[in-house]
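There are 2 protein chains.
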Amino acid sequence: MTKNTLFQYGTMQMLVEGLLEGTLPLSELLKHGNIGIGTGDGVDGELVILDGVGYKIDVSGPAVKLPEDFKVTYADVSFADYHKFKSYQNVELVEMLKDVLTKNNAQNQFFAILTKGVFKKIRTRSSKKSHKPYPSLEKIAENQVEFETENITGTMITYYTPPVFQGVGVSGFHNHFLADDLSFGGHVLAATMKGVVVSIQPIESFKLHLPVDNQEFLNANLTDISKLDNVISKSE
Amino acid sequence: MTKNTLFQYGTMQMLVEGLLEGTLPLSELLKHGNIGIGTGDGVDGELVILDGVGYKIDVSGPAVKLPEDFKVTYADVSFADYHKFKSYQNVELVEMLKDVLTKNNAQNQFFAILTKGVFKKIRTRSSKKSHKPYPSLEKIAENQVEFETENITGTMITYYTPPVFQGVGVSGFHNHFLADDLSFGGHVLAATMKGVVVSIQPIESFKLHLPVDNQEFLNANLTDISKLDNVISKSE
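Chains as they are written, first to last, in my numbering: chain H, 1 to 236; chain F, 1 to 236.
Wrong hints could be hidden among the right ones.
What the hints assert, rightly or not - Calculated pairs, BS3-like style, for lysine-lysine (alpha carbon to alpha carbon, straight line, at most 25 Å): (1) H:Lys31 x F:Lys3; (2) H:Lys3 x F:Lys31; (3) H:Lys227 x F:Lys84; (4) F:Lys3 x H:Lys3; (5) F:Lys71 x F:Lys129.
Hints listed in this document are in silico derivations from the structure and should not be mistaken for laboratory results.
Based on the sequences and whatever the hints tell you, model everything.
As structure tokens, then:
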């Protein structure tokens, strides 16, 4: 089942509750997948893993290659085994992703989507690393920056998570982008495709590893799951 | 990571939404664990897996050994690797489980608990198999039976699931019992221990497999997660 397993480290609830410590070295994460998305210690940028290499897009803009000892707080990775689904031209991101999901009847399963080609317009977000004691999520949101560019060639990695997993992961679509020339990337907020090829990989198994050696995680009060509703939809 | 992985097949949401078809043969489930709990096709009884053998407690009362082709709808299994934690005498189930969880600071992780010994009093529930088209959960609840007995020797298998996984699994404690002589068992509603030994196994990874080959599951509308709040607490 390895090929079609989504491996997730940590939960979205952790981030919402300010448990931001990076506890998994990138080298360990890469044992569970060669493609993926995530964030680093103290919300240290937006991560993209492509062809087994980790990249970070932080507030400075361009992507940087990460060392193997880079500490990851939250990540979703898989072993790339996509097959081509369809080409799209001149379409909004949300419209395109909904079409992919609907045509594959995939709304109740985990689903990996890979979009490669020219993006006519794309707006992304990235974060600045925070240090202990970690500030509130509101403070962190203040330190986020947004980037926008046009006519850029690159790869967008998307994982779809069914609604019942809200708080465990990001329910719905979660997209990170990396430009081919590494000049641009981040957590995708909006985009318009110019001409892209979409490949898909249905996921059969979801494997979650929690930071069970981290005392702050073990000691946290994580009983109030109603807090997840607002924050997650805002952060998407 | 195999040893300390909880493998779950299906979600609680599926049961709530009436997706009751058994889609995984017991023989397949046993590849992922030799101890566990679950339910069968059409909520066909309460399952106990012990030492790699599957048992069903249905409305008739005693446990029966299951054939390998028995179809499972929902299950949690793991590979037993418990270590002794503590002996308990003359204590209520809920009090005992809370003590185990608190003393192990395990409220934020998946946690397996095994209780062996003499139960002074125990009340269990079991269900009657339904057939397609499956009735509503209310109708199924009407077909449930409760059993009660005293001074019985057996094994209780418990999985603790953190709150954020509500709807994915049964958040909190989920306990199934099997008497040593197979005369009694089921989903535990209440119990008082006479003298038992509790062993524990902290779980590091949670691996979920969804019935992605089942068209009814794929086609279902599973977007209303608010429905989970009531039904899950009622079914615990």
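Do the hints match the structure? See the list:
1. H:Lys31 x F:Lys3: holds, 18 Å
2. H:Lys3 x F:Lys31: With Cα atoms ~18 Å apart, Lys3 of chain H and Lys31 of chain F stay inside 25 Å; holds.
3. H:Lys227 x F:Lys84: violated, 37 Å
4. F:Lys3 x H:Lys3: Within the cut-off at roughly 20 Å; holds.
5. F:Lys71 x F:Lys129: holds, 12 Å
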